[in-house]
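Protein chains in written order, with the numbering used here: chain A, 37 to 268; chain B, 152 to 431; chain C, 15 to 283.
Just so you know, the hints here were simulated from the structure itself, not pulled from any lab data.
Ideal placement from N, C-alpha and C gives every residue a C-beta, glycine not left out.
Fair warning: there could be bad hints in the mix.
Claimed, not checked - Just the calculated beta-carbon pair ranges, DEER-fashion:
1) A:H234 - B:G182: 29 to 39 Å
2) C:R134 - B:R346: 51 to 61 Å
3) A:R113 - C:V33: 55 to 65 Å
4) C:Y150 - A:A171: 17 to 27 Å
5) B:S418 - C:A262: 22 to 32 Å
What the hints assert, rightly or not - Here chain C is said to cover these stretches of chain B; the calculated rule only asks that three of the stretch's residues, wherever they fall, bring their Cβ under 8 Å from a Cβ of chain C:
6) 300-307
7) 398-411
Unchecked claim - From the structure, some residues in chain C lie toward chain B, with a derived Cβ separation under 10 Å:
8) T60
9) V273
10) R276
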Amino acid sequence: MTHDPRPVTLHPFTPFLLVLATALLAVLLPAPWGPVVLVVGATVIALLLGAFRQAGAALLLTLPLWIFLLILHGAMRGGEGWLAAVAQGSRLTAIILASLLAYRAFQPSRFLDAAATRGWSSSAALLVLATLQAAPRLRARVTRILEAQRSRGLQVRGRPLGRARALVPVTLPLILQTLGEVDARAMALDTRGVGSAHRTPLEIIRMHGLDWFLLLLALGATLLALIWRVLA
Amino acid sequence: MSAFTATGAGFRYDAGDAAALVDVTLSLNAGTVTWFTGAPGAGTSTLLLLAAGLAPLHTGGTATGVVSLLGENPQSAEGRERLAGRVAYVSADPASQLSGIAETVRREVAFAPANLGRQREQILASAARAMERMEIAHLAERAPASLSGGEQQRVAVASMLALEPGAWLLDEPGSALDARGRETLAAVLRDEANRGALVMVASEDADWLVGWSDRLIVMKAGQLVQDGTPAALLADPSLAETGAGSTAIATFARALAERDQRLASASYPVTVQDALERWA
Amino acid sequence: MSAVLEFDRVNFAYPGSDVSALTELSLSISEGESLALLGPNGAGKTTALRLAMALLHPVSGEVRVMGKATVGRMPEDVAGNAGFLFQRPEHQLFASSVREDVAFGPRQLGQDNIDEVVERALDQLELGDVASVHPYDLPAPRRRLVALAGVLALRPRLLLLDEPTAGLDRHSRLLVRRALAAHRAEAGAVVAVSHDGEFVLEALDRAVTLEHGRVVGDGGSAEALGRLGAPPAPAWARLVAQMGAAPAQWRFEPAVEFVAMRCRAAPDA
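Kindly produce the complete structure, drawing on both the sequences and the hints.
What follows is the structure, given as structure tokens:
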């Protein structure tokens with residue numbers, strides 16, 4: 037399974053627009069406290085949603101960056117350097133965490149339905165989806181291959197050198213299979229009438245009050261930040 | 152009118168040395184189940200891909216001759232456009248046939264008719280009916296990727312059933328199914344034929360197909376070599392020369408004849424019932 | 015005789031699923047034993063195999079391979095004792111030749127006499143003539159045999175096979191059966207999930223039937239299939255059963271002999 041089947045009430049586009057707003061705000065808001073507030077806000081939202089895995093992943097992903105920034109700016113320049121490091125680190129952490137949260141809420145077929153409700157062509161929506169879905173499919177396949185090779189004694193733990201050796205027995209079947217699957221998948225989508233007509237949304241998905249509220253909030257905040265930037 | 156015709160059809164894959172199909176001329180009627188068999192590599196799978204317009208489009212290779220499915224040319228872009236949603240293709244590997252996009256079985260089954268822009272109420276109704284007929288209604292809210300191979304195969308068939316197609320092209324559709332699943336699938340395809348659909352099945356599983364197919368076509372090295380009723384061809388000792396397998400009982404009868412010349416006969420029993428009448 | 019594989023009141027459910035995949039499974043397989051796991055799709059057969067390979071771990075209860083619990087162990091830790099044949103050989107084949115691929119596992123485990131073991135596995139499955147061919151250049155049935163050779167070369171005491179004869183022709187199936195018989199003769203044990211009734215009858219003595227994750231039958235494979243009276247029992251087995259043959263005769267050769275004798279005895283034959 038690639039996505040948690042939890043009920044999502046937001047419009048499928050809303051999380052992506054919120055990520056965009058977060059990215060804009062991270063750049064526009066006064067450093068370093070603006071970005072810090074964003075990180076804190078995103079973390080609170082993540083914890084309220086129960087997205088502990090995403091919060092953990094964001095921390096893990098940004099940890100090397102934080103260390104690097106703190107050493108480069110903070111330890112080497114002191115005073116102002118510390119603030120610059122915090123600002124830069126917070127910006128990226130906020131964007132990464134927001135993206136992970138959006139991806140968590142992402143449901144491919146709701147996205148398709150939302151696109152179809154808007155009258156977008158299904159091929160375009162599928163192109164977006166295929167890109168977003170490639171990662172989980174690849175991960176599932178790597179899992180299968182790893183299972184097969186570890187059952188033959190392949191060591192994937194331990195020293196980096198050992199792990200590097202494990203690359204070939206995993207990547208080669210992966211490449212060969214992925215090449216083979218491209219054709220099968222194209223056939224499957226072909227026989228399922230993809231792109232041959234205007235897709236019917238199985239569920240009419242429109243923006244609701246919460247979507248508008250969040251988007252207006254994000255838009256308002258972005259505009260205010262922009263105005264502040266211009267005037268300051 | 153024939154629902155499928157091939158006239159001098161040939162096919163050659165880019166990689167292979169030998170032709171996959173050689174001068175195939177054939178005409179099939181709607182409302183019948185035609186079963187294709189042969190030794191591995193005999194060309195049954197290629198014939199189905201060619202009929203569906205999937206070869207050479209997705210497989211590469213070169214096609215020659217003329218094929219027609221439901222009155223359209225599946226080898227032309229216009230023909231394929233007019234055939235969209237009217238042809239069900241099911242392969243032996245269920246996992247690669249799922250869309251990979253739908254997060255529930257219900258959405259997977261509704262995926263194809265939705266792509267074709269059919270009416271929402273009609274889609275939901277035909278998807279529900281298709282799940283019912285393939286006995287997967289209880290899996291409707293499950294993730295397709297989390298199902299077992301047999302369950303995925305049922306989903307793959309149901310997602311084609313929801314299209315209410317005019318032609319069925321199936322390549323070893325029972326490979327992952329248990330006995331119950333095969334029974335269900337045979338009954339569904341028999342119903343589809345009775346409804347007036349063309350059904351073409353490539354399978355090496357003689358014991359399964361003998362019970363519900365109308366016509367058997369045996370292929371060897373890309374050519375049609377035998378054509379007749381399943382009961383007659385499976386009973387004929389000459390079937391073995393084509394490399395095609397027969398039913399377990401006919402294979403048993405051949406072993407019996409090899410053991411003891413006096414037990415050889417001009418025709419083998421094909422089913423348990425035939426054999427009981429002969430030997431018990 | 016010592017147990018090669020034991021399930022001790024094993025419960026298992028897939029993460030995120032509220033349905034139990036296996037419930038209170040208790041089962042013991044000894045040296046030289048061969049076991050078929052039977053049951054409909056989704057009964058938990060493959061799950062049981064995966065638990066034995068430490069690809070999954072029980073929610074409660076214990077799985078022991080050669081007396082050692084799988085808890086806290088990974089498949090590579092169990093690989094010296096158990097070998098798993100997956101349904102899709104494409105998941106494991108990668109080396110530039112059949113011989114190299116078969117040698118991969120024993121090398122990973124640092125075993126000795128690798129050349130000898132590899133040659134023997136290749137011989138057993140009649141792959142000697144293609145030993146230097148790229149595995150992907152072989153037709154699908156022989157690719158499966160290569161995957162099996164790769165598992166045999168690990169010299170595991172326990173063989174775990176998921177639909178080992180799927181897509182195999184008659185001769186390849188015979189090779190698989192012979193290899194399994196040789197494995198058992200050396201005190202090995204076999205557990206297989208198979209819908210191929212003929213293979214079950216010919217190669218596996220004992221059958222455990224699962225339904226909804228619970229054991230509903232445990233006995234001789236001939237009796238288990240005979241009781242079903244329908245596929246996956248092969249038609250000829252159902253025939254001789256109806257003609258009054260005993261379970262010992264529900265294998266292909268003895269069954270042919272049985273019918274031949276009956277026909278010779280009949281006055282009009």
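Status of the hints after comparison with the structure:
1. A:H234 - B:G182: 29 to 39 Å: holds (32 Å)
2. C:R134 - B:R346: 51 to 61 Å: Check passed, 56 Å falls within 51 to 61 Å.
3. A:R113 - C:V33: 55 to 65 Å: About 58 Å separates the Cβ atoms of R113 (chain A) and V33 (chain C), which means 55 to 65 Å holds.
4. C:Y150 - A:A171: 17 to 27 Å: For A171 (chain A) against Y150 (chain C), whose Cβ atoms are near 26 Å apart, the range 17 to 27 Å holds.
5. B:S418 - C:A262: 22 to 32 Å: At 30 Å between Cβs, range holds.
6. 300-307: holds (count 3)
7. 398-411: holds (count 9)
8. T60: holds (7 Å)
9. V273: holds (6 Å)
10. R276: At about 6 Å, which falls below the 10 Å cut-off, the nearest Cβ of chain B leaves the hint on R276 (chain C) intact, so it holds.
Going down the numbered hints, you'll see the structure goes against none, and every one checks out.
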